[in-house]
Amino acid sequence: MKKNTQDYIISAINEALKAIGAQDFVLYLDTPDSDSFGDYSTNIALKLSKSMKKAPIEIARLIVNQIEKILPNSPLREHVKEVKAEGAGFINFYLRNEYFYGELKKILKNGKDALRVNLGNGKKVLLEFVSANPTGSLSVAHARQAAVGDVLANIMSFVGFRVKREYYLNDEGNQINILGDSVRLRLSELKGEKIEFPENYYQGDYIYDIARAVQGKEAKIKDLGDYAGKHILEIIKKELSDFGVSFDYWYSQKKLREGGKIKKAFKLLKKKGFLYEQEGALWFKSSLFGDDKDRVVVKSDGSFTYLAPDIAYHQDKFQRGFNWLINLWGPDHHGYINRLKASVEAFGAGADALSVIIVQLATIFRDGKPMQMSTRKGQYITLREVLDEVGRD
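Mind the numbering: the sequence shown is residues 0 to 392 in numbering that gives the first Met the number 0, read in order.
What the hints contain is simulated information worked out from the structure, not anything from laboratory work. Just to be clear, a hint being listed does not mean it is correct.
Below, in silico cross-link-like pairs of lysine-lysine (DSBU-like), each with a Cα-Cα straight-line distance of 30 Å or less [said to hold, decoys possible]:
1) 271 with 254
2) 262 with 221
3) 266 with 123
4) 254 with 269
5) 163 with 49
6) 260 with 271
7) 284 with 270
8) 163 with 254
9) 298 with 254
10) 262 with 163
11) 80 with 105
12) 298 with 266
13) 122 with 263
14) 163 with 237
15) 270 with 260
16) 105 with 122
17) 219 with 237
18) 292 with 253
19) 229 with 270
20) 123 with 253
21) 254 with 284
22) 219 with 123
23) 284 with 263
24) 221 with 271
25) 237 with 266
26) 262 with 292
27) 271 with 236
28) 263 with 229
29) 221 with 236
30) 221 with 123
31) 298 with 229
32) 105 with 83
33) 83 with 49
34) 163 with 263
35) 108 with 83
36) 292 with 263
Turn these sequences into a full structure, and let the hints guide you.
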């Protein structure tokens, strides 16, 4: 790989460290907050102070002296104008204006490809993000995650990774059943019937919209929850498209289960000795892989826990040929990380084959007070509202 400016600087520092008899350290370069302290800086002299029993500024001067000896015969001379030991012992590098002019010329000549570097070497990455349940419009918090995920995918693609974007659809289970029941009750209400609407049902106005859309033809609809989920999914897809975010795959949990992939995953885990039965339930030995305790995957009534389809889903990601899985989650999923990483290791992948990035929630203030957001209660700022009021940027 072609060396860049930082590579040359680090090589020069390492050579200088050997010359002054310092032990090896992992080097990091920082960008100073002020231009008056150069373009790159390192605090290696401060780290060496204790072991070398010298003041950091003294060590910094020794290192700078050695770099100045190296500089005339190094490719670094074309990049660096001056190296200084400054402040409490920082070593600051000042780049030549000619270097910047040269980089600008490359950009003007070659466009964005002038900045392209191959860090990924074609490694296949699956980036899963947003993945909101199709039970309501996307919120501003989902919008934030969509932006982070899309930008990350663009950056990784630019530097040589083969990135695919995926949206995981939790399109079955209790929340879809409640969605269907919510529509059913609103239908009854539209017919003039007096109803009691449970607090844990979906209360947004969009439920009325779906009820009006199916009014008169509800007898032909086999599953109201499934119908409503698909209706909302089309809204989600349109919102994301207008936001400039696209996905390569929309992965259905329902199809995952119907395709027998959960049972196949469990069969393999059982063969490896990582599943056991206790108190009528099926447990995964996640504690063998760093989780704080073992986890139930099949309850005593025979139903799957939330972890069960996720285990199979992540196994399927690897089976599709991806080498690195990256998930973007909200902060309420933080405690879920270790158990899922455990399942990835149980299938034979390394712990670093799965990376989870927590994207913090967005808080919206109205009249100086934070808004409480709830999908069930229909109280939240939607992505559509942000697009209409603020715009994509």
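Taking the hints in turn, this is what the structure says about them:
1. 271 with 254: Within the cut-off at roughly 25 Å; holds.
2. 262 with 221: Holds, at roughly 27 Å.
3. 266 with 123: 27 Å, holds
4. 254 with 269: It holds: about 23 Å lies between the C-alpha atoms, which stays within 30 Å.
5. 163 with 49: 47 Å, violated
6. 260 with 271: 17 Å, holds
7. 284 with 270: Cα-Cα ~13 Å, so holds.
8. 163 with 254: 20 Å, holds
9. 298 with 254: With a Cα-Cα distance of about 21 Å, the restraint between residue 298 and residue 254 holds, given a limit of 30 Å.
10. 262 with 163: OK: residue 262 and residue 163 at ~26 Å, within 30 Å.
11. 80 with 105: Roughly 20 Å separates the two Cα atoms, so the pair holds.
12. 298 with 266: It holds: about 17 Å lies between the C-alpha atoms, which stays within 30 Å.
13. 122 with 263: 27 Å, holds
14. 163 with 237: Measuring from Cα to Cα gives roughly 19 Å; hence the hint holds.
15. 270 with 260: 15 Å, holds
16. 105 with 122: Within the cut-off at roughly 27 Å; holds.
17. 219 with 237: Within the cut-off at roughly 26 Å; holds.
18. 292 with 253: Holds: residue 292 and residue 253 sit about 28 Å apart, inside 30 Å.
19. 229 with 270: 37 Å, violated
20. 123 with 253: 25 Å, holds
21. 254 with 284: 26 Å, holds
22. 219 with 123: 44 Å, violated
23. 284 with 263: 17 Å, holds
24. 221 with 271: 41 Å, violated
25. 237 with 266: Given that 30 Å is the threshold and the Cα spacing comes to 39 Å, the pair is violated.
26. 262 with 292: Holds - the C-alpha atoms of residue 292 and residue 262 are around 22 Å apart, at most 30 Å.
27. 271 with 236: Violated - the C-alpha atoms of residue 236 and residue 271 are around 40 Å apart, more than 30 Å.
28. 263 with 229: 27 Å, holds
29. 221 with 236: Answer holds: residue 221 to residue 236 is near 24 Å, not above 30 Å.
30. 221 with 123: 40 Å, violated
31. 298 with 229: 28 Å, holds
32. 105 with 83: Judged against 30 Å, a Cα distance of about 29 Å means the pair holds.
33. 83 with 49: Given pair residue 83, residue 49 holds - Cα atoms ~21 Å apart, limit 30 Å.
34. 163 with 263: This hinted pair holds, its Cα atoms lying about 25 Å apart.
35. 108 with 83: Judged against 30 Å, a Cα distance of about 33 Å means the pair is violated.
36. 292 with 263: 24 Å, holds
When held up to the earlier numbered hints, the structure conflicts with 5, 19, 22, 24, 25, 27, 30 and 35 and fits the remainder.
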